[in-house]
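Top line first, the protein sequences correspond to chains L and S. Just so you know, we're using the numbering used here here: the first sequence kicks off at 1 and counts up by one. Just so you know, we're using the numbering used here here: the second sequence kicks off at 1 and counts up by one.
Calculated directly from the structure, the hints in this document are not laboratory data. Small disclaimer: the values here were computed from a predicted structure and weren't measured. Yeah, the Cβ is synthetic: ideal placement off N, Cα and C, and Gly gets one too. Hints should not be assumed to be uniformly reliable.
These stretches of chain S come out as covered by chain L in the derived footprint (C-beta under 8 Å, 3 or more residues) [stated by the list, open to error]: (1) 18-31; (2) 44-52.
Ranges between beta-carbon positions, derived for each pair [claimed, not checked]: (3) S/Q117 x L/T67: 16 to 22 Å; (4) L/H118 x S/W83: 50 to 56 Å; (5) L/N161 x S/E125: 31 to 37 Å; (6) L/A4 x S/A46: 29 to 35 Å.
A partial selection of chain S residues facing chain L, derived with a Cβ cut-off under 10 Å [to be verified]: (7) R35; (8) G38; (9) F55; (10) S59; (11) P63; (12) D65; (13) E67; (14) V70; (15) N77; (16) M81; (17) W83; (18) S87; (19) E97; (20) G99; (21) G103; (22) T106.
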Amino acid sequence: MTGAPSEHDVAGLVRLALAQELLHREARLLDDGLLDQWLELFTDDARYRLPITGLGDPGEPSIIDETRAGMEERVFRLTKTLAHAQNPPSRTQHDVTNIEVQELADGLLEVLCHQTVHEVRRGDVFHVGLAEPRALAARCRYVVVPGPAWRIREKTCWLLNRDNPIYNLTFVF
Amino acid sequence: MTSIVDLAPSCRGEIIGVIRPVAVDKTYVDVHPTRLVGATDELNEARLREHQRFFGPASFGQPDDIEIFVCAQTGANASAMPWMELSRGMAREQVNELGERVGHSTDEAPQRSIYRQWRQLMTAEQAVRA
Chain L
1 MTGAPSEHDV
11 AGLVRLALAQ
21 ELLHREARLL
31 DDGLLDQWLE
41 LFTDDARYRL
51 PITGLGDPGE
61 PSIIDETRAG
71 MEERVFRLTK
81 TLAHAQNPPS
91 RTQHDVTNIE
101 VQELADGLLE
111 VLCHQTVHEV
121 RRGDVFHVGL
131 AEPRALAARC
141 RYVVVPGPAW
151 RIREKTCWLL
161 NRDNPIYNLT
171 FVF
Chain S
1 MTSIVDLAPS
11 CRGEIIGVIR
21 PVAVDKTYVD
31 VHPTRLVGAT
41 DELNEARLRE
51 HQRFFGPASF
61 GQPDDIEIFV
71 CAQTGANASA
81 MPWMELSRGM
91 AREQVNELGE
101 RVGHSTDEAP
111 QRSIYRQWRQ
121 LMTAEQAVRA
């Protein structure tokens, strides 16, 4: 880039910064266990998916494929019930990198990123399944509705290890 | 490596389970949903959605079951108590008109039956040929 940045460049950089802010806020809410506030980042017609194969074939099973109602049930289960698989609960750290933003039709934005979620269930090392830190990597695609408060319409994460058995993904990725 | 494949009816539609023991304390379980040939796409998609809601590492059902298995594994590792106790519901087990032992759905009647049969086979006067 030579000379002064164009308006187009500046607009792109602002969008990138705002996308990063949204993703970092989402990560912080998840890692702090503020799941009700995490839900508020999403639109009413939100879609949350962890696919196994691409996205094309409607008959293909996914690890997660839910609408807003499913996401609310997920949060309810984790915050209002005793879910055995989250007792004791996971401690997570969502690291977000490689953020790219593209404009879509209808003023929507596509935000791509990489996420690495570090996770450990606190507890005694003699208790099977506890005290074993894991790093789960995924490439993610968000469809975002920009505006005074950016909202997420779609969150799709392709886990690196999605073809193989995975132990306990009951925390929110 | 031995695989165990089972066809099981579940309330979400028939599943095909492939159970692969990897080590004494590690098992891979693949649960495959099924499609009904001749059923509408809507019905099959609804069955798949229900399947995903219950089965899988991020689901609302199976991980809790697995957590209990994991807790049982932890207990089996314990050295302070060398015995496994399978007495749940022993007092209310009944024998039906077919001679079958019947227990409450949450009792350990099936577990006791396995060991009862093992003892019978191991103490039989003649070898039992499969």
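Evaluated hints:
For the region 18-31 of chain S, the stated coverage by chain L holds: 4 residues have a C-beta nearer than 8 Å to a C-beta of that chain, and at least 3 were required. Evaluation of the coverage hint for the region 44-52 of chain S: fulfilled, as 6 residues show C-beta separations to chain L shorter than 8 Å, against a requirement of three. A beta carbon spacing of about 47 Å between S/Q117 and L/T67 contradicts the range 16 to 22 Å that was offered as a hint. Between L/H118 and S/W83 the beta carbons are some 39 Å apart, a value that contradicts the proposed interval 50 to 56 Å.
As the Cβ distance of L/N161 to S/E125 is approximately 53 Å, the hint placing it in 31 to 37 Å is violated. Remark: the range hint 29 to 35 Å for L/A4 to S/A46 is contradicted by a beta-carbon distance near 57 Å. Hint status for S/R35: holds, given a least beta-carbon distance of 6 Å to chain L, under 10 Å. Hint on S/G38 is violated. Least Cβ distance to chain L is approximately 14 Å, over the 10 Å limit.
Interface restraint check: S/F55 against chain L, minimum CB-CB distance 9 Å, threshold 10 Å, status holds. Checking S/S59 against chain L by beta carbon gives a least distance of about 8 Å; that is within 10 Å, so the hint holds. Among the interface hints, the one on S/P63 holds; its C-beta lies about 4 Å from the nearest C-beta in chain L, closer than the 10 Å criterion. The beta carbon of S/D65 is positioned within 10 Å of a beta carbon in chain L (closest approach about 8 Å), and the interface hint is therefore held.
Hint on S/E67 holds. Least Cβ distance to chain L is approximately 4 Å, under the 10 Å limit. Of the supplied interface hints, the one on S/V70 holds, with its beta-carbon coming within about 5 Å of a beta-carbon of chain L, less than 10 Å. Interface hint status for S/N77: upheld, as the beta-carbon distance to the closest one in chain L is roughly 7 Å, under 10 Å. Taking 10 Å as the C-beta contact cut-off toward chain L, the hint placing S/M81 at the interface is violated, the least distance being around 14 Å.
Hint status for S/W83 relative to chain L: violated, with the closest Cβ pair at about 19 Å, above 10 Å. Hint on S/S87 is violated. Least Cβ distance to chain L is approximately 22 Å, over the 10 Å limit. The criterion of a C-beta within 10 Å of any C-beta in chain L is not met by S/E97, whose closest approach is roughly 38 Å, and the hint is violated. Interface restraint check: S/G99 against chain L, minimum CB-CB distance 36 Å, threshold 10 Å, status violated.
Hint status for S/G103: violated, given a least beta-carbon distance of 23 Å to chain L, over 10 Å. Taking 10 Å as the C-beta contact cut-off toward chain L, the hint placing S/T106 at the interface is violated, the least distance being around 15 Å.
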